[in-house]
Amino acid sequence: MGEELVYLDNAASSWPKPEPVVRAVERMVREVGANPGRSGHRLSVEAARAITEARCAMAGLLGASNPLRVVFTKNATEALNMAIRGLLRPGDRVVVSSMEHNSVMRPLMAERGRGVEVEVVRCSPEGRLDPDDVKRALKRRTRLVIHVHASNVSGCVTPAAEIGRIAREHGAFYCVDAAQSAGCLPIDVERMNVDLLAFTGHKSLYGPQGTGGLYVAEGVDAHLQPLMAGGTGSLSEREEQPAFMPDRYESGTPNTPGIAGLLEGVTFVASLGVDTIRRHETSLAALLMDALSEIPGVRVVGPTDRESRVAIVSIVVAGMDPGEIAYRLDEDHGVLCRPGLHCAPSAHATLATFPAGTLRFSIGYFNTEEHIHRAVSALKSIVAKGG
Amino acid sequence: MSATPRSVILFESVTAAFMAEKVLKAEGIAYKIIPVPRYLSSECGVCVRIDEADAARARAVLEGRVAVADILPLRHEGP
Ligand SMILES: Cc1ncc(COP(=O)(O)O)c(C=O)c1O
Chain A
1 MGEELVYLDN
11 AASSWPKPEP
21 VVRAVERMVR
31 EVGANPGRSG
41 HRLSVEAARA
51 ITEARCAMAG
61 LLGASNPLRV
71 VFTKNATEAL
81 NMAIRGLLRP
91 GDRVVVSSME
101 HNSVMRPLMA
111 ERGRGVEVEV
121 VRCSPEGRLD
131 PDDVKRALKR
141 RTRLVIHVHA
151 SNVSGCVTPA
161 AEIGRIAREH
171 GAFYCVDAAQ
181 SAGCLPIDVE
191 RMNVDLLAFT
201 GHKSLYGPQG
211 TGGLYVAEGV
221 DAHLQPLMAG
231 GTGSLSEREE
241 QPAFMPDRYE
251 SGTPNTPGIA
261 GLLEGVTFVA
271 SLGVDTIRRH
281 ETSLAALLMD
291 ALSEIPGVRV
301 VGPTDRESRV
311 AIVSIVVAGM
321 DPGEIAYRLD
331 EDHGVLCRPG
341 LHCAPSAHAT
351 LATFPAGTLR
361 FSIGYFNTEE
371 HIHRAVSALK
381 SIVAKGG
Chain B
1 MSATPRSVIL
11 FESVTAAFMA
21 EKVLKAEGIA
31 YKIIPVPRYL
41 SSECGVCVRI
51 DEADAARARA
61 VLEGRVAVAD
71 ILPLRHEGP
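Taken in sequence, the protein lines are chains A and B. Sequential numbering from 1 applies to the first sequence in the numbering used here. Sequential numbering from 1 applies to the second sequence in the numbering used here.
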């Protein structure tokens, strides 16, 4: 085909990565390699330095004044499991939205099996979580409020600061799934009253896969049991897990090459500015939504106003299977996107797109207007042929 | 051997040691990250060596920014 691929699957994993990300990973593997901080020699020191820099950069992006509150994990899923399973005990109650990814819902269902009460607050058919509904759900004593910051299906953004305030007023811990927002939406954990925030490195932070983390607010660690224990390079003479941050939650050799790459990804985001990235992505998303809604039989799912969205555009096409369209887009047009349920069955039930799911286009900073035009004209020709 | 008196700053975690490095670098205090000498007991395997003359200033600039476990004079060991 020879034509440049049009990659519109950035919500699954962003691609391409900024060149410094690629170089940092390679350099860490090729030239540094050592175990960070464990051994004290020059290569070990250099590896530990990269991780510390990444921790500081990540804290800066999230508005956390103390970088030690940032724990690195292998992805958002691990971070969400640490938050949910570390915090909840039998008899606890948790309030969650109906727009969640399985990386929230499945650990919650496992906790339900252990005697945790899970109340699901229904979102609107656009995927909006109404803070008043959260308030009503909090009439009964609740340990945790958890929800997705930006939906991976509808792109809908949740008013996190407002819900954080409500959770705080009701004495509940507040956890945010920022897998689709960290890097493309402004986040300030301290101003938003966030107790726990899960992020993933490989989406809007432009890092490699296998990186992510959990922000743990001051004081929350006393309530949050670590899921794993092991070597940390500290307190080696003792056989109990250290109680201090971040070692309490970071056992074993970390993904140093990945985190070195993540540092460059976060640096890329910070140097452009989240607002600049958001402006670019939002204008492409608007272009895409406008063009798609002119195609007969196409319905764009989720909110129509730009401000309530990240650059994720899900559609349904009357009488056509999303999987079939995605296959044709890839095979015949080199346009890559994602069909189906996107690991979020409850979100699709909310949006009335269950069980067929949607066709999801997700935009990243490296996309251009040209990509949008190519995707739209490819889709038009597939829809015209009727599959 | 030129025997400039040195001190070591001890921390509870590797992360704290490297956070301290950033502060010392920004403040223009000369330092080196070294493994913790065997005769000392520390919670973390690495520490930061500085000139003893800088010890008070190092303590002051780290105050409130990075938790320091201890600052001790460094004894010369071995050959
Ligand atoms: C909203 C949401 N939460 C959590 C995740 C999980 O992220 P990861 O697969 O990196 O653990 C994703 C992405 O897959 C997501 O879109």
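Derived from the structure by calculation, the hints contain no laboratory data. There could be a bad hint or two in this list.
Okay, the calculated beta carbon distance ranges per label pair [to be verified]: (1) A:GLN225 / B:ARG75: 51 to 59 Å; (2) B:ARG38 / A:GLY219: 34 to 42 Å; (3) A:ALA161 / B:ALA60: 48 to 56 Å; (4) A:GLU26 / B:GLY28: 30 to 38 Å; (5) B:GLY28 / A:GLU240: 32 to 40 Å; (6) A:ALA161 / B:THR4: 20 to 28 Å.
Partner residues aside, some chain A positions facing chain B, computed with beta carbon under 8 Å [stated by the list, open to error]: (7) ALA48; (8) PRO67; (9) LYS135; (10) GLY231; (11) GLY233; (12) ASP247; (13) THR267; (14) SER293.
Listed next, the stretches of chain A that the computed footprint assigns to chain B, with coverage defined by at least 3 CB atoms under 8 Å from CB atoms of chain B [what the hints assert, rightly or not]: (15) 30 to 41; (16) 234 to 243.
Every value quoted in this text rests on a predicted model; they were computed, and no experiment measured them. Glycine included, each C-beta is placed from N, C-alpha and C at the ideal position.
Comparing the hints with the structure gives:
no. : hint                           : result
1   : A:GLN225 / B:ARG75: 51 to 59 Å : 41 Å, violated
2   : B:ARG38 / A:GLY219: 34 to 42 Å : 37 Å, holds
3   : A:ALA161 / B:ALA60: 48 to 56 Å : 37 Å, violated
4   : A:GLU26 / B:GLY28: 30 to 38 Å  : 32 Å, holds
5   : B:GLY28 / A:GLU240: 32 to 40 Å : 39 Å, holds
6   : A:ALA161 / B:THR4: 20 to 28 Å  : 53 Å, violated
7   : ALA48                          : 5 Å, holds
8   : PRO67                          : 7 Å, holds
9   : LYS135                         : 38 Å, violated
10  : GLY231                         : 11 Å, violated
11  : GLY233                         : 5 Å, holds
12  : ASP247                         : 5 Å, holds
13  : THR267                         : 15 Å, violated
14  : SER293                         : 49 Å, violated
15  : 30 to 41                       : holds (count 6)
16  : 234 to 243                     : holds (count 5)
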